[in-house]
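J.: Based on the sequences and whatever the hints tell you, model everything.
There are 2 protein chains.
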Amino acid sequence: MAIQVYGFWRSIASFRVRVALKLKGLPFEEIPVDILSGQQFKPGYEDVNAERVVPTFIHDGYSLFQSLAIIEYIEDLQPEPPLLPHDPKERAYARSLALTTVADGHPLITPRVRNHLAKTFAADAHAVESWSGHWTTEGLATYERLFARRPPAPFALGEAPGLADICIAGHAIAAHFLKLELTAFPALARLAERCFALPAFATSHPFEQPGYKAHALR
Amino acid sequence: MAIQVYGFWRSIASFRVRVALKLKGLPFEEIPVDILSGQQFKPGYEDVNAERVVPTFIHDGYSLFQSLAIIEYIEDLQPEPPLLPHDPKERAYARSLALTTVADGHPLITPRVRNHLAKTFAADAHAVESWSGHWTTEGLATYERLFARRPPAPFALGEAPGLADICIAGHAIAAHFLKLELTAFPALARLAERCFALPAFATSHPFEQPGYKAHALR
Numbered sequence: 174m175a176i177q178v179y180g181f182w183r184s185i186a187s188f189r190v191r192v193a194l195k196l197k198g199l200p201f202e203e204i205p206v207d208i209l210s211g212q213q214f215k216p217g218y219e220d221v222n223a224e225r226v227v228p229t230f231i232h233d234g235y236s237l238f239q240s241l242a243i244i245e246y247i248e249d250l251q252p253e254p255p256l257l258p259h260d261p262k263e264r265a266y267a268r269s270l271a272l273t274t275v276a277d278g279h280p281l282i283t284p285r286v287r288n289h290l291a292k293t294f295a296a297d298a299h300a301v302e303s304w305s306g307h308w309t310t311e312g313l314a315t316y317e318r319l320f321a322r323r324p325p326a327p328f329a330l331g332e333a334p335g336l337a338d339i340c341i342a343g344h345a346i347a348a349h350f351l352k353l354e355l356t357a358f359p360a361l362a363r364l365a366e367r368c369f370a371l372p373a374f375a376t377s378h379p380f381e382q383p384g385y386k387a388h389a390l391r
Numbered sequence: 174m175a176i177q178v179y180g181f182w183r184s185i186a187s188f189r190v191r192v193a194l195k196l197k198g199l200p201f202e203e204i205p206v207d208i209l210s211g212q213q214f215k216p217g218y219e220d221v222n223a224e225r226v227v228p229t230f231i232h233d234g235y236s237l238f239q240s241l242a243i244i245e246y247i248e249d250l251q252p253e254p255p256l257l258p259h260d261p262k263e264r265a266y267a268r269s270l271a272l273t274t275v276a277d278g279h280p281l282i283t284p285r286v287r288n289h290l291a292k293t294f295a296a297d298a299h300a301v302e303s304w305s306g307h308w309t310t311e312g313l314a315t316y317e318r319l320f321a322r323r324p325p326a327p328f329a330l331g332e333a334p335g336l337a338d339i340c341i342a343g344h345a346i347a348a349h350f351l352k353l354e355l356t357a358f359p360a361l362a363r364l365a366e367r368c369f370a371l372p373a374f375a376t377s378h379p380f381e382q383p384g385y386k387a388h389a390l391r
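Here the protein sequences come in this chain order: A and F. If you want our numbering, it's the position in the first sequence, counting the first as 1, plus 173. If you want our numbering, it's the position in the second sequence, counting the first as 1, plus 173.
These aren't lab readings, by the way, just hints derived from the structure by calculation. Please note that the accuracy of each hint is not assured.
Which copy is meant is left open, because identical chains are indistinguishable; a pair holds if it fits in one copy or across any two.
[Said to hold, decoys possible] Derived DSBU-like pairs (lysine-lysine); straight-line CA-CA distance at most 30 Å:
1. Lys-386 with Lys-262
2. Lys-195 with Lys-386
3. Lys-352 with Lys-386
4. Lys-292 with Lys-195
T.: Now the structure itself:
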């Protein structure tokens with residue numbers, strides 16, 4: 174089984190796919206696409222990904238896009254260890270938690286949105302950072318309200334990390350990029366800490382990717 | 174089985190849930206939450222939905238949020254007729270198509286985003302409409318590129334309408350709200366037309382909801 178992932182060190186959606194593959198113990202090759210310099214718009218990549226975004230997941234020639242669809246496919250491909258609970262209500266809750274950042278928090282702070290704000294509203298770096306901070310904080314607050322009702326024990330759905338934790342850890346990375354304090358969100362902060370204590374999460378972190386290391390050396 | 178949906182006539186995410194329930198033949202009661210006037214921020218609704226958005230799905234006292242998680246739960250609850258293919262690759266493609274609008278196109282044009290643009294960047298109605306038009310057109314173009322590779326036959330995944338069609342029809346509604354021409358996106362336009370020829374889609378359309386009719390009479 175040959176798996177390739179077109180990804181980018183800073184991409185939180187790429188992070189999610191990386192963690193899922195590592196939790197499943199599936200080896201993969203990552204092909205970097207520098208979405209900050211616009212490599213996704215170069216001829217050729219559109220044939221790989223019609224949306225011109227990362228990640229793209231390639232499995233024995235079968236190509237797939239959208240991180241959540243990719244992770245659900247990985248779950249079908251390799252059911253153990255499960256990333257989603259078997260109980261339908263629990264599975265639905267896991268997906269709801271995932272979508273809170275995948276469909277609400279994260280889409281608002283991607284490079285294409287930040288670039289479009291700068292272009293359309295002449296937003297400077299500070300204004301773009303405030304915009305991103307606002308939406309990321311909204312997500313943090315939603316998670317904290319949810320965790321007040323059902324505390325992670327110790328992961329979002331129980332004893333083992335899964336889809337929800339992967340997405341929430343990605344949200345914590347966004348907060349970290351934006352230098353947001355997590356002190357007002359202690360349950361989320363503890364959950365993220367627990368995730369990053371695991372090698373699958375720690376080694377998938379943007380700052381652990383070769384692309385970041387090359388970038389930091391520049 | 175008692176199902177209630179907190180929704181809003183204009184909400185595209187509420188539309189998605191409505192169609193799914195109708196395709197499954199599951200009766201439900203819709204409780205309107207006027208997200209244009211800010212009813213979702215009133216005390217009480219946060220207890221129903223920690224994110225303070227619509228839709229919220231209640232099934233015999235079990236509460237669930239995020240339209241895609243809700244539809245997957247409905248699929249688990251009532252497997253026939255299937256809204257997702259059984260083949261893992263096909264199921265993954267259906268989810269990818271759904272997420273193209275759920276996680277990329279739609280989050281950028283919700284009322285809370287439009288309001289925040291107005292507040293933060295002093296964007297007037299025209300600027301907000303341009304913003305929404307830009308992202309909705311990006312989504313239309315992505316779908317058209319995908320359909321050029323794999324034409325709907327006649328629905329996105331084959332003979333029967335499912336999750337992907339529901340989400341794409343919702344994207345077509347957004348385009349309609351924004352008065353965008355679909356002539357440059359003929360495959361998507363045909364797919365949407367086929368969807369809205371079905372009662373489950375037609376009767377779920379925002380303009381067919383009691384809330385819209387009351388609004389239009391004002």
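J.: Give the relationship of Lys-352 and Lys-386 under a CA distance limit of 30 Å: within one copy only, between copies only, both, or neither.
T.: within (20 Å within a copy, 46 Å between copies)
J.: Up to 30 Å between alpha-carbons, please classify Lys-386 paired with Lys-262: within, between, both or neither.
T.: Neither, since 41 Å and 35 Å both go past 30 Å.
J.: Within, between, both or neither: how does the pair Lys-195, Lys-386 come out at a Cα-Cα threshold of 30 Å?
T.: within (20 Å within a copy, 52 Å between copies)
J.: Is it within a copy, between copies, both, or neither that the alpha carbon of Lys-292 lies no farther than 30 Å from that of Lys-195?
T.: For Lys-292 and Lys-195, neither the intra-copy (38 Å) nor the inter-copy (42 Å) Cα distance is at most 30 Å.
Checked against the numbered hints listed earlier, the structure breaks hints 1 and 4; every other hint is satisfied.
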